[in-house]
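Enquirer: Chain residues, written in single-letter form:
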Amino acid sequence: MSAPLHFMTVADLAKGIAAKTVSPVELTKALIARVAALDGMTHAFIEVTADLALAQAKKAEAEVMAGISRGPLHGVPVGLKDIIDLKGVRTTAHSHQLIDNWATDDAFVTQKLKAAGAVILGKLATHEFAMGGPSFDLPFPPARNPWNLAHFTGGSSSGSGAAVAAGFVPAALGTDTGGSIRLPAAFCGIVGMKPTYGLVSRRGVLPLSQSLDHIGPMTWTVEDNALLMKVLAGHDRLDPASADRPDPTPEALLGAGVKGLRVGYIPSLGAQADATDEVQSAVAGVATTLADLGATVEEVTLPPLADFAACGMMILLSEAFAIHEPNIQAKPELYGEILRDRLLLAGLIDASDYVGALRMRTELVAAVAKTMSRFDIIVCAATATPAPVITEIPKFGLFSKPPLTIPFNVTGMPSLTMCCGFSASGLPLSVQIAGHAFGEATIYRAAQAYEAATAWRERRPALEGAAPMSLAAE
Amino acid sequence: MTDTPATPIPIEAKLAEYGLRVGPETLESLKGSVADLEAAARNIRVKRSYLQEPVHALRLWTK
Numbered sequence: 001m002s003a004p005l006h007f008m009t010v011a012d013l014a015k016g017i018a019a020k021t022v023s024p025v026e027l028t029k030a031l032i033a034r035v036a037a038l039d040g041m042t043h044a045f046i047e048v049t050a051d052l053a054l055a056q057a058k059k060a061e062a063e064v065m066a067g068i069s070r071g072p073l074h075g076v077p078v079g080l081k082d083i084i085d086l087k088g089v090r091t092t093a094h095s096h097q098l099i100d101n102w103a104t105d106d107a108f109v110t111q112k113l114k115a116a117g118a119v120i121l122g123k124l125a126t127h128e129f130a131m132g133g134p135s136f137d138l139p140f141p142p143a144r145n146p147w148n149l150a151h152f153t154g155g156s157s158s159g160s161g162a163a164v165a166a167g168f169v170p171a172a173l174g175t176d177t178g179g180s181i182r183l184p185a186a187f188c189g190i191v192g193m194k195p196t197y198g199l200v201s202r203r204g205v206l207p208l209s210q211s212l213d214h215i216g217p218m219t220w221t222v223e224d225n226a227l228l229m230k231v232l233a234g235h236d237r238l239d240p241a242s243a244d245r246p247d248p249t250p251e252a253l254l255g256a257g258v259k260g261l262r263v264g265y266i267p268s269l270g271a272q273a274d275a276t277d278e279v280q281s282a283v284a285g286v287a288t289t290l291a292d293l294g295a296t297v298e299e300v301t302l303p304p305l306a307d308f309a310a311c312g313m314m315i316l317l318s319e320a321f322a323i324h325e326p327n328i329q330a331k332p333e334l335y336g337e338i339l340r341d342r343l344l345l346a347g348l349i350d351a352s353d354y355v356g357a358l359r360m361r362t363e364l365v366a367a368v369a370k371t372m373s374r375f376d377i378i379v380c381a382a383t384a385t386p387a388p389v390i391t392e393i394p395k396f397g398l399f400s401k402p403p404l405t406i407p408f409n410v411t412g413m414p415s416l417t418m419c420c421g422f423s424a425s426g427l428p429l430s431v432q433i434a435g436h437a438f439g440e441a442t443i444y445r446a447a448q449a450y451e452a453a454t455a456w457r458e459r460r461p462a463l464e465g466a467a468p469m470s471l472a473a474e
Numbered sequence: 475m476t477d478t479p480a481t482p483i484p485i486e487a488k489l490a491e492y493g494l495r496v497g498p499e500t501l502e503s504l505k506g507s508v509a510d511l512e513a514a515a516r517n518i519r520v521k522r523s524y525l526q527e528p529v530h531a532l533r534l535w536t537k
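Going line by line, the protein sequences match chains A and B.
With this note's numbering applied, the first sequence has no gaps in its numbers, which climb one by one up to 474 at the end.
With this note's numbering applied, the second sequence has no gaps in its numbers, which climb one by one up to 537 at the end.
Keep in mind that the hints are not guaranteed to be accurate.
[Unchecked claim] Reference listing, derived: stretches of chain A covered by chain B, where coverage requires no fewer than 3 residues with Cβ under 8 Å from a Cβ of chain B:
no. : region
1   : 297-310
2   : 398-410
[Said to hold, decoys possible] When the alpha-carbon atoms are kept at most 27 Å apart in a straight line, the in silico BS3-like pairs for lysine-lysine are as follows:
no. : chain 1 : residue 1 : chain 2 : residue 2
3   : A       : K370      : B       : K521
4   : A       : K29       : A       : K15
5   : A       : K87       : A       : K114
6   : A       : K331      : B       : K521
Simulated from the structure, these hints should not be mistaken for lab results.
Note that beta-carbon positions come from the ideal geometry of N, C-alpha and C, so glycine has one too.
Extracted from the complex, chain A is given alone in its bound form (with noise of 0.2 Å):
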């Protein structure tokens, strides 16, 4: 039985549209009324650009109804992290500080899903400028995991989790600084890929830390990922860290199978990192699989999370303090409590420290390059636990339980996660896979070969039916 519209995957949707069995109109249709029934429990969605959308859409199926393709997002609907521009819409960064933050232009990656004939359904809720959340006390409530409303997304890419997993889109764009598109594409039980440094551009998105940042798509499979990175992906000559390479060809491998491909696995990313045994066992599960499928596979080791914590975020919390230090000083009350907090915190560091940082990052790189030498993917946890309540979330973990994902911000390496398993409880698990720089196609090849002998993506979250959170709760 085939997937109902909602729930169909970018591909599908693609041989659909081009086989004009289905109709960019009528998706879009669809998929604004499921919102409008269900993300009152879910928040993905800070703004629905309905006439936009539809125009777009009417639009694409003119063109595919006289012959010509612009390839597989051709009237394919699309959400955007509102930290992204879409010209003519607010980009508020889910802040009051932005309430009034009109788009003048598109970002780079937004003229490239237009370009590519997408639909943009809207912006999706964020954390405060991707960093400071869930918060209650921001103009828009925080995204709710559709697994189970009463638990986290992950962030800070709140919304494109939830909206992906939830069947809202089949696809959205994510920005990752230490973790932010992998962490909710982890809880929420999706494919979130953070790209190589320089492969996306960044104009057009509002920073947080300019030497960490990346934009790249988060997606129910990995090859619906692949798909929308081959559109992402490319050089811009006006954001000066864009990659000057010859077109990228993430897409290549899909399909190769993983026999040959030299996997390291890394059972614990150190003290810090200490997982359930419910996901360090789906994590062993992956590394066995990729094994049996024909990989060699063989334990090692990084430096300390606590290493890679200490550098990132300190760097982190230095870029962020530089680009807000203007408004935490002359109106820190139009930020929500999280974010004042963590800018304040951000305000402590030394200039020396920072500077520190900056060349102990140079070492993590060289340590980890040593060590990739001799694999073509590692393979670890994403997460160390399914997700949490999201009212439990500390405003303050930033060193005392780093994310896992930092490592490969720090190092600008390319890194994915996907799903591998489910919780007692019916939570996602998540692997987390990185690989060399500009080796997305072979974490694609790895993710897929993984994704294709496994049985995760059959499941999906049931919001119809399910109870909203009371409001008193946020």
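Starting from the known structure of chain A, arrange chain B on it as the hints suggest.
Expert: Structure of chain B alone, referenced to chain A:
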């Protein structure tokens, strides 16, 4: 690993210097997290040679 002594962060003085305003409750929670910040700083404060210089922006020959 540390070979540079960590100086305790003067929280109130630094906040005042920046013109940052905090209530007593926030100050208490900040003090707790500053301990984590100081631990991270101790991890970073080691002597490094030119080999660890972050000079990527000045690698002009690659442009």
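Enquirer: It remains to establish, for every hint, whether it holds in the given structure.
Expert: Going down the list of hints, with the structure as the test:
no. : hint                 : verdict
1   : 297-310              : holds (count 4)
2   : 398-410              : holds (count 3)
3   : K370(A) with K521(B) : 22 Å, holds
4   : K29(A) with K15(A)   : 19 Å, holds
5   : K87(A) with K114(A)  : 11 Å, holds
6   : K331(A) with K521(B) : 39 Å, violated
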